[in-house]
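Undergrad: Here are the chains, one letter per residue:
2 protein chains.
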Amino acid sequence: MSMIATTSADSGSADGGEVLSLHQRILSDISERILSGAWAPGHRIPFEHELTAEYNCSRMTVNKALSQLAKAGLIERRRRSGSFVRRPQSQAAVLEIHDIRIEVEALGLPYRYERMARSRRRSSADDRALLELDVAGPVLALECLHFAGKRPFAHEQRLINLAAVPEAAEEAFFETAPGPWLIGRVPWSAAEHRIRAVAAEKHIAAALDIETGAPCLVIERRTWSAEHPVTHVRFTYAAENHTLVARFTPSQG
Amino acid sequence: MSMIATTSADSGSADGGEVLSLHQRILSDISERILSGAWAPGHRIPFEHELTAEYNCSRMTVNKALSQLAKAGLIERRRRSGSFVRRPQSQAAVLEIHDIRIEVEALGLPYRYERMARSRRRSSADDRALLELDVAGPVLALECLHFAGKRPFAHEQRLINLAAVPEAAEEAFFETAPGPWLIGRVPWSAAEHRIRAVAAEKHIAAALDIETGAPCLVIERRTWSAEHPVTHVRFTYAAENHTLVARFTPSQG
DNA sequence: CCTTTTGATATGTATATACATAATCGTCAC
DNA sequence: GTGACGATTATGTATATACATATCAAAAGG
Chain A
-10 MSMIATTSAD SGSADGGEVL SLHQRILSDI SERILSGAWA PGHRIPFEHE LTAEYNCSRM
50 TVNKALSQLA KAGLIERRRR SGSFVRRPQS QAAVLEIHDI RIEVEALGLP YRYERMARSR
110 RRSSADDRAL LELDVAGPVL ALECLHFAGK RPFAHEQRLI NLAAVPEAAE EAFFETAPGP
170 WLIGRVPWSA AEHRIRAVAA EKHIAAALDI ETGAPCLVIE RRTWSAEHPV THVRFTYAAE
230 NHTLVARFTP SQG
Chain B
-10 MSMIATTSAD SGSADGGEVL SLHQRILSDI SERILSGAWA PGHRIPFEHE LTAEYNCSRM
50 TVNKALSQLA KAGLIERRRR SGSFVRRPQS QAAVLEIHDI RIEVEALGLP YRYERMARSR
110 RRSSADDRAL LELDVAGPVL ALECLHFAGK RPFAHEQRLI NLAAVPEAAE EAFFETAPGP
170 WLIGRVPWSA AEHRIRAVAA EKHIAAALDI ETGAPCLVIE RRTWSAEHPV THVRFTYAAE
230 NHTLVARFTP SQG
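Taken in order, these protein sequences are the chains called A and B.
FYI, the working numbering numbers position 242 of the first sequence as 231, with every residue one higher than the one before it.
FYI, the working numbering numbers position 144 of the second sequence as 133, with every residue one higher than the one before it.
Hints in this document: simulated from the structure, not taken from any laboratory.
Treat the hints with care, as some may be off.
Heads up, the list lumps identical chains together, so a pair's fine if it works in one copy or across two of them.
Claimed, not checked - Under the rule of at most 20 Å between Cα atoms (straight-line distance), these lysine to aspartate or glutamate pairs were calculated in the EDC-like manner:
1. K53 to E200
2. K53 to E94
3. K139 to E21
4. K53 to D88
5. K60 to E156
These numbers were taken from a predicted model, which means no experiment stands behind them.
Start from the sequences and build out the full structure, keeping to the hints where you can.
TA: So this is what it looks like as structure tokens:
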């Protein structure tokens, strides 16, 4: 039990570049092996005391990592027997990134787009929160309406990170909606959707021609390109207009 | 010091019935206060050393609870400043929406299930439309509530096609929610989700303890097994409780 | 007045230790 | 054989302690 401490001489440097704490490193080492299939479902992963020896750390540290893996559902822990890789029982859910024009036309209605407001500004704290941007920089804020026939169909509030897409500063977005414009220019590597129900606030209710407080479906999307935040957009649909449909088939694992 | 008593008098007995460890209890106490609105977004929750005193335990125990709350996204921790309530955004990845228990427990709250109504009947035209069933036959209709802590979290209305799952007729569904029960019995080959916003109708608003007309997120799912309709379920979530999150990134630990 | 330094503070991580609890194994008596 | 029972084992939870680190505020210096 010399203990020297540190142990951590290097902490997973070469790989991700991130600085990981020890229990995080143990956690990611193990989940890597599980997700890669090296440790198949049913496989017994090393006991806590074995990992303690392997990483030269205390059992508490190993325990923290394994507890989190168990909570995440990757492993199952059984007293006296050990910890076992669980069969992944999640279905891959794929929600398509949708273009509103296509949605509207699928309904058989004529599509029309209208740009309401556009402003270029230095990012506020709110802007940075929405974009998950950590440094200040210029952004482009847009507000648009999408029509199905004569009726407003969706309201769009968008932020574009001009550091990532400088060309956007030259574009008025009178003719082309920002969504299709961006798709044609910026390859996105990751996106996150948030879907929720809200009561329409006054400004948006007026734009959508519905009553203030009426239920609306809000879809927010954040898009990244190679680790850089590109855009954040919030679509608000009047409730009666919109249903998201997603079809899943089980993939099992 | 001393302090015993207060909060700790009962350990969540009457409520969830579960026996909670101390850090779980701290965690659920706090998240309850956040979700109930007692501690609004931005509010600074007590420092670790204050909670240490309140619960008469070590800082590690408090730290474990707060770390989990931070990971679940309910609070934000800032060194030197303290821990602050974040805007509630309970996240359920789309891949997990089928099991409400897991969602609730991910928030650190005790889960409870309650069956409200159950009736067996010959399928009405409405029933057949919901199930996409073309011939008449017996169905089981269920109405249930799912609780997170003491508050209702989701309302469930379900139809089960008894022609596809005859064993369901024997089950009271007092203990087991129909979702988990079906998953264990019927292999499903396809599912379709519909997600939309609605205004809460009187009956459901009363069950969820919200105001009639308040915006709610509704998720409907239809499930097939080998071409046969199995079940249709409609979950209604109070808006402030629920955000669906779908993320597309290379998965990591 | 503005910048820099210093100190206080709250969280972040890790250790060694202790005891509790659940499950399994081996032994011994019947 | 087999049933009872204690020993063993791995995990579950909690404690006291230690040091690292980020950050803010006040003191010190130009």
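Undergrad: For every hint, state whether the structure bears it out.
TA: Evaluation of the provided hints:
1. K53 to E200: neither (36 Å within a copy, 42 Å between copies)
2. K53 to E94: Answer is both: 16 Å inside a copy and 18 Å across each meet the 20 Å cutoff.
3. K139 to E21: within (8 Å within a copy, 38 Å between copies)
4. K53 to D88: neither (25 Å within a copy, 25 Å between copies)
5. K60 to E156: neither (41 Å within a copy, 32 Å between copies)
Hints 1, 4 and 5, counting from the list given before, are not met by this structure.
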